[in-house]
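Enquirer: One letter stands for each residue in the lines below.
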Amino acid sequence: MRASQKDFENAMNQVKLLKKDPGNEVKLKLYALFKQATEGPCNMPKPGVFDFVNKAKWDAWNALGSLPKMLFSSIVHFSECLFIDRGLKLVSSSLQETARHNYVDLVSSLSSSLESSSQVEPGADKKSTGYETLMMTLEDGITKIVFNRPTKKNAINTKMYDEIMRALKAASKDDSSLTVLTGNGDYYSSGNDLTNFTDIPPGGVEEKAKNSAILLREFVDCFIDFPKPLIAAVNGPAVGISVTLLGLFDAVFASDRATFHTPFSHLGQTPEGCSSYTFPKIMGPAKATEMLVFGKKLTAREACTNGLVTEVFPDSTFQKEVWTRLKAFAKLPPNAMRISKEVMRNSEKEKLHAVNAEECSVLQGRWLSDECLNAVSNFLSRKARL
Amino acid sequence: MRASQKDFENAMNQVKLLKKDPGNEVKLKLYALFKQATEGPCNMPKPGVFDFVNKAKWDAWNALGSLPKMLFSSIVHFSECLFIDRGLKLVSSSLQETARHNYVDLVSSLSSSLESSSQVEPGADKKSTGYETLMMTLEDGITKIVFNRPTKKNAINTKMYDEIMRALKAASKDDSSLTVLTGNGDYYSSGNDLTNFTDIPPGGVEEKAKNSAILLREFVDCFIDFPKPLIAAVNGPAVGISVTLLGLFDAVFASDRATFHTPFSHLGQTPEGCSSYTFPKIMGPAKATEMLVFGKKLTAREACTNGLVTEVFPDSTFQKEVWTRLKAFAKLPPNAMRISKEVMRNSEKEKLHAVNAEECSVLQGRWLSDECLNAVSNFLSRKARL
Amino acid sequence: MRASQKDFENAMNQVKLLKKDPGNEVKLKLYALFKQATEGPCNMPKPGVFDFVNKAKWDAWNALGSLPKMLFSSIVHFSECLFIDRGLKLVSSSLQETARHNYVDLVSSLSSSLESSSQVEPGADKKSTGYETLMMTLEDGITKIVFNRPTKKNAINTKMYDEIMRALKAASKDDSSLTVLTGNGDYYSSGNDLTNFTDIPPGGVEEKAKNSAILLREFVDCFIDFPKPLIAAVNGPAVGISVTLLGLFDAVFASDRATFHTPFSHLGQTPEGCSSYTFPKIMGPAKATEMLVFGKKLTAREACTNGLVTEVFPDSTFQKEVWTRLKAFAKLPPNAMRISKEVMRNSEKEKLHAVNAEECSVLQGRWLSDECLNAVSNFLSRKARL
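Protein chains in written order, with the numbering used here: chain A, 799 to 1184; chain B, 799 to 1184; chain C, 799 to 1184.
Okay, chain A solo, but in the shape it has when bound (with noise of 0.2 Å):
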């Protein structure tokens, strides 16, 4: 259990090595074992609750002062809530030894697995180029883009989104005939990760908020403008924005274990994605509230029933036969396909726009509210009592 100071400042320089980012959260970690081991317990005032950063650190320091065991929870991937920053119960021993003992642990599971990462999947590499959080490719006239975050349930960090915007412009301009969407591991996607928005920019947070609606409006306008047919193979649970834009998809192809979660009045939010024009007129006000606004959960079956999901699979071979149906559909000649999919878009793209604009301005809004806040701080407090 100890660490010499030898070992701390040997971790200290190999953390000034590592060759990929290890994240906010392990950043998080380290800064507060760091402090912990050099200053001790925290003992500065909490900064306010606006700013998120500090607020982060203070946290997670603080959190080190006087527990006597040090416990990394799960990671919280709940999607929706942007400004998030501390998913994490740091507990600690009060003893800077210990600290510093963990520091060192750490940077060295960082370094190891780090390097091993980056080593394995040389063939993952040859298919999608150059993607962090995706995997991409073309196959049989089909491009799959795969959310690729299982050990994160495929939550949508900034970079993700990024790249999401860079795979579909790349599969408008490739020659397959479909797009695909898909998630690696048991989830399909989990919806907006609360990680990425802890680095909150000199502007503040209304900068911050600003920021990430002009990104949500882009995101959305993506797939409101994507050229082919755009499937979506919903491999298991889908929260939040991964179900919205669902609504903009050409055809939804579920495992009966997928679910549709879109909680958004539980976090003090509102819908995106274009839902709140695709939903009510896919399934009627009636229905659409129901998960819009009282945040129901529906399966696979009674999304189907409502017209969101196109068809439903058992899960034992929901693989097989959806891609035996799309290399079928792929053989389909590509252009008819491609001004199909144009002349039933176009009707209502203008529409679609507008209400991507509107939605982004009130969620902007709603970012800054105390509903939002308190619903992220109330679902952290509960999450942390578990």
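It cannot be assumed that every hint is accurate.
No distinction is drawn between identical chains; accordingly, a pair holds when it is met within one copy or between any pair of copies.
[As the list claims (entries may be wrong)] Quick list of in silico lysine-lysine cross-link-like pairs, DSSO-like style, CA-CA up to 27 Å: (1) K1118 x K804; (2) K1008 x K1125; (3) K1094 x K1129; (4) K1094 x K1125; (5) K1125 x K1026; (6) K1147 x K971; (7) K1026 x K1095; (8) K1026 x K1149; (9) K1125 x K1095; (10) K1149 x K1129; (11) K1118 x K1129; (12) K1095 x K1129.
Everything labelled a hint here was simulated from the structure, so no lab data went into it.
Could you slot chains B and C onto chain A? The hints should help.
Expert: For chains B and C alone, kept in the frame of chain A given last:
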């Protein structure tokens, strides 16, 4: 069976002291009995078909002319008939004495029943401030508006139209999160009450039709513009405008005893409540036309399958299940819910107002059409023959 | 097996006396046999792929060149192929005599069949005034328009397009309350008939495509603008435009034997009949794309679940149940029904006309595309190999 001239004069004075307006039907009966008692059988020329008030009076008086017994028919509350001026079968012996006796009896029963009804239900008055046709409460964050004319199957008379608008305006400003409409008794609502429309203004039926169209448009506008989630708890059969308005609600929970019936064509009329737009949008034209044009009555399950109803509950547990659910919804952040609804509604609010204006304008013409007048006449004569 | 030169000359004269045009396919056969009989095997250079008429003639003649037996293939009525000029497999002995003999036989059969068909069904002529491809009756307040090319699966040829427009215009002005479209025989309609499109005008295929787009637009406009409730009684399989148009009907009753198939992509084509707008509106994009882009064939039950069909009946009682219902509907006040439909249609009529124009314009380009021509060729060669 005899009433003295003194009794008769007392009754005439009693009528002037009635604290509440006994309603057009009763007033019509009083008129007829008074005329019969004082002038004998009706010998005036029959008024024209469009002179509703005088024709109603004439009909009532004339009906007393020759027959041996007086039967007050059960009052007709069939919805959507605007200009019906009698739903009563007045039969009497030809004797003025019998009329005099019946007049005295009627006044006597009126005095006691109107007195007693103004005394009871002080509790209700505490809750609903100043509504005659509604009960209104605010509890657990929910404003509950109850159609409260159970003996009239909650048919909506002019008073009730006004009170519903007033109640919605109050609900939009109170501190509730949700507003719920439901019915007291067996019916949700049998729709438009015909008895309001016997008061033809000096401008005649054209003015009446114009005023009715203005009232209807204003009424429906209140539903289009209502700013919070609006939920219907459909406890029993719903007819006419109480059905069409459901397309403007955000959620509709129905007892399996509920039915949904819009017999517009049967009465020579056309759809309102924006249903000409919302119903095809919700269920497609093939199902919408079946309801709105061909008058198919839907079960609660059918209405749910068609997307008009959010969920159906067994009647035995309807109240319990619905209110458990509503109370849970009411705990969600109210601004998020309100703004979510606003975003969903905004994308078609302008369209809804235009549709409402068009529907009311068309109905104004319909109400003056032979088809409408004949359909109503046929309906009544069928009813009378039962 | 022998026919004298005299028989041959008689046959040539008989052809000129035929009272009815025997259709392009038969004329093609006559042409080929005549050339073979008079000039021997085809030795002309093959015409270009866009020179449809001459290529059709060449193909027919050339097919007689070497083979021992002549088989008239079952004529291809697959819908939505505009420029198909042959669906026939002509095979013959190489001898001119055989051709001569077959020519004489063909003319002889034509003369008798065309004579007899012009003699029978005097009753039908009483009802339908001057339609070749339709039957039209007015009874019980219902105008019934019957697709009447049962041996061609009620495929819609140019004549039939014109006659349907004429029939709809007549129905809009007659004193019926409802108009019903249905099919004679096993099919409702197999959609667009390819054989119309062999008559390439002097302007070539570009002009042909342009004219076809104009015809299609005008045809669909008749359905958009039809002023009374329009009901389809889908007695059997429906393909292509006979399916897409259903989105413009007010009610659709289907036999459980009916299917709904729109294989546009398979033929390099794109949706028409406003289906690119009506289908996503009725069933959501996830189900609409499956039909319109991926060509899924729906059962009557599936089409009903998706909202395209009002109600499904067992085939054994289909006619009885549907007509009982229709006759009841037809007794409702006609103006109320007409105006109700008008109100429902008006809120999107402008949009529908714009969509129709766009779809036809897109199709005009599609018909000239390699994808369309190749898809049609592939279809035919598959067909020929059967």
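Enquirer: Now look at each hint and say whether the structure bears it out.
Expert: Against the structure, the hints:
no. : hint          : in the structure
1   : K1118 x K804  : neither (55 Å within a copy, 68 Å between copies)
2   : K1008 x K1125 : neither (41 Å within a copy, 34 Å between copies)
3   : K1094 x K1129 : between (38 Å within a copy, 14 Å between copies)
4   : K1094 x K1125 : between (34 Å within a copy, 14 Å between copies)
5   : K1125 x K1026 : within (15 Å within a copy, 44 Å between copies)
6   : K1147 x K971  : within (20 Å within a copy, 36 Å between copies)
7   : K1026 x K1095 : between (29 Å within a copy, 22 Å between copies)
8   : K1026 x K1149 : both (19 Å within a copy, 24 Å between copies)
9   : K1125 x K1095 : between (31 Å within a copy, 18 Å between copies)
10  : K1149 x K1129 : neither (32 Å within a copy, 33 Å between copies)
11  : K1118 x K1129 : within (17 Å within a copy, 43 Å between copies)
12  : K1095 x K1129 : between (36 Å within a copy, 17 Å between copies)
Violation of the numbered hints given earlier is confined to hints 1, 2 and 10; the remaining hints are satisfied by the structure.
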